[in-house]
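Participant: Kindly generate the complete structure, drawing on both the sequences and the hints.
There are 2 protein chains.
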Amino acid sequence: MIRVGVNGYGTIGKRVADAVAAQPDMELVGVTKTKPNYEAEAAIRRGYDLYAAIAERAGEFETAGVGIAGTLPDLLESVDVVVDCAPSGIGAQNRSVYAAHDTPAIFQGGEGADVADASFNARTNFEASRGADTLRVVSCNTTGLARLLAPLEAAYGIEKARVTLVRRGGDPSETGRGPINDVVPDPTTVPSHHGPDVNTVLSGVDVDTAALKAPVTTMHTHSVNVTLREPPTTEAVRDLLADESRIFTIPEAAGIDGAGKLKEYAMDRGRPRGDLWENCVWEESINVSGRDLYLFENVHQEADVVPENVDAIRALTTDLSAAESVERTNEALGVGLESLLLSGGDARDPITADD
Amino acid sequence: MIRVGVNGYGTIGKRVADAVAAQPDMELVGVTKTKPNYEAEAAIRRGYDLYAAIAERAGEFETAGVGIAGTLPDLLESVDVVVDCAPSGIGAQNRSVYAAHDTPAIFQGGEGADVADASFNARTNFEASRGADTLRVVSCNTTGLARLLAPLEAAYGIEKARVTLVRRGGDPSETGRGPINDVVPDPTTVPSHHGPDVNTVLSGVDVDTAALKAPVTTMHTHSVNVTLREPPTTEAVRDLLADESRIFTIPEAAGIDGAGKLKEYAMDRGRPRGDLWENCVWEESINVSGRDLYLFENVHQEADVVPENVDAIRALTTDLSAAESVERTNEALGVGLESLLLSGGDARDPITADD
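In order, the protein sequences belong to chains A and B. The first sequence runs 1139 to 1493 under our numbering. The second sequence runs 1139 to 1493 under our numbering.
Simulated from the structure, these hints should not be mistaken for laboratory data. Misleading hints may appear alongside valid ones.
Said to hold, decoys possible - As a list, the in silico SDA-like pairs of lysine to any residue whose alpha-carbon atoms are at most 25 Å apart:
1) B:K1351 / A:D1320
2) B:K1173 / A:D1395
3) A:K1351 / A:D1395
4) B:K1351 / A:G1307
Claimed, not checked - Heads up, incomplete: computed chain A residues facing chain B, CB under 10 Å, no partners named:
5) A1178
6) E1179
7) E1297
8) K1298
9) I1318
10) P1389
11) R1486
Glycine included, C-beta positions come from ideal geometry on N, C-alpha and C.
Facilitator: Written out as structure tokens, the structure is:
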């Protein structure tokens, strides 16, 4: 069993903790929290040992009636690998702490690429991460782009990709974020840093990105154009993407018109927290015109990196192949959405509750 | 077993169906849908028999690959009671259909009070609903107000209640609703219809309401003032409300500052769809000044009427008491949130993952 600690139990940390706990070859040793709020309570309720992320604040937990198993150094001494899920920028500060305890570490995409030995995406560079002591799982947007561009590059060759990222302003629980009523270029410089970040896990693909943020909390939306070297039919691209286990092509018949209904679908399917671990590509948006491919996709900023973190743990600590790890992760979590609804040309016997 | 059909499988219908299926004394016979969209697919995946709500559109289901067990009349012939979860206004149109099949029916609060023999809230008038053939579960806002005002009336006497309802503009999946960037008086006339609607389930309480709608999809927020006849201490009101099984008093220590974190807490607690079946009252907002009580509460428009519908089914079809039904509903669903976090004055041994 791989003994795992999660440092930071917020939006990403709570999901990584649940995902680790669900793996057959991993043991979640504990999670940390800076203060005893509702998330600390929830960790206890889930049966997770809680550690104070900041030793000086350990007393606050007892005052609130929340028992702790120790502080961060205690956790680091008890694990094979720590997943850093601290807010952006804090991960870099934590690096020396992990090194002092000789604990292999995985960081999130909010840190710069230099925080770790290598950047990571399971679809594009699992094998290249072998032998590293530290990995950085690239951000939600970069993860989504890498998953989409890798199969297109392999199948048709990418001459140039141009993507506009309409990013969510904040997560649902972040009452202090904006914008409230604006669409803000962020960064205003174009191309944005997301293209080069894709190249940290998928080298040699020419991709320019422009990024905005919008007053939504649910998902990021990508407007994608890829100029291909050997253009396929629209149908071939639909099939190629539908075959990817971490891409969900949304059938037109579903009547899903935005992130709200996408999340509703995830909840209807029983997904924990309504999480969408897959890129969600609108089927009818996929269109090849000359050598230009166009499509819209959504990525769930709270969720798409979660299976990637699980795979990064195995890349750091095991000899499993990428395919073996991804399959194990997908099966343990239930990654891989597929709709039962038929598209126009398909045919089969109708599916009922008895099937 | 009480055989139940749910006519309409949208925001409320899907939740009522799940709640019915979870009851030890009920059998969910089937649900209806007007078209074979993602929600119809989800019903099939949950193992629910699906019926076409509109017989003329039954063919669309087969085209989409979704098998149906019949049409609405078939469902009505197979159940002891139907819960109408059609959009507002459609319920009234369905009334004659249910009557023609001699099927007792429960309607939702989007219909006028005259749609049914009596209006219903489990806390305030379960017993008064005995002998009715049809009931109307009052709306989410009215349900929330009735639950809050009933214990205050019983304990201290209400001279006058004045409530401003800041309502959510639409549900998360409703992309066509507004406002986007405004707070709209709705209705502009004051007092609004919500006060009289409270009196359909809690007579004799003087309550005036003013209603607005805001650009949020998560929850309604109530700003409450109640002038009491015999004013208690602030602490006594906190205890009174905390003792109500369908009211959750949010402890200050939780760090929950809005609907986003409230829903996050519900998801952290493993609630399906992040549903909050309880009124959520901010503990530190509760304040008695002279004879005036003030507080803020949130109600989850998608969820708070769900346990009420379950109780309404028993009021129509069994001899169970209100207390017995509410206890059974609460236990089967898990209604009744309580935080482990301590308030300032309390003390106990800290709770850990091992407890």
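Participant: Give a verdict on every hint.
Facilitator: Structure-based check of each hint:
no., hint, result
1, B:K1351 / A:D1320, "holds, 20 Å"
2, B:K1173 / A:D1395, "holds, 15 Å"
3, A:K1351 / A:D1395, "holds, 20 Å"
4, B:K1351 / A:G1307, "holds, 22 Å"
5, A1178, "holds, 8 Å"
6, E1179, "holds, 5 Å"
7, E1297, "violated, 35 Å"
8, K1298, "violated, 32 Å"
9, I1318, "holds, 8 Å"
10, P1389, "holds, 9 Å"
11, R1486, "holds, 6 Å"
Going through the hint list in order, the structure does not satisfy hints 7 and 8.
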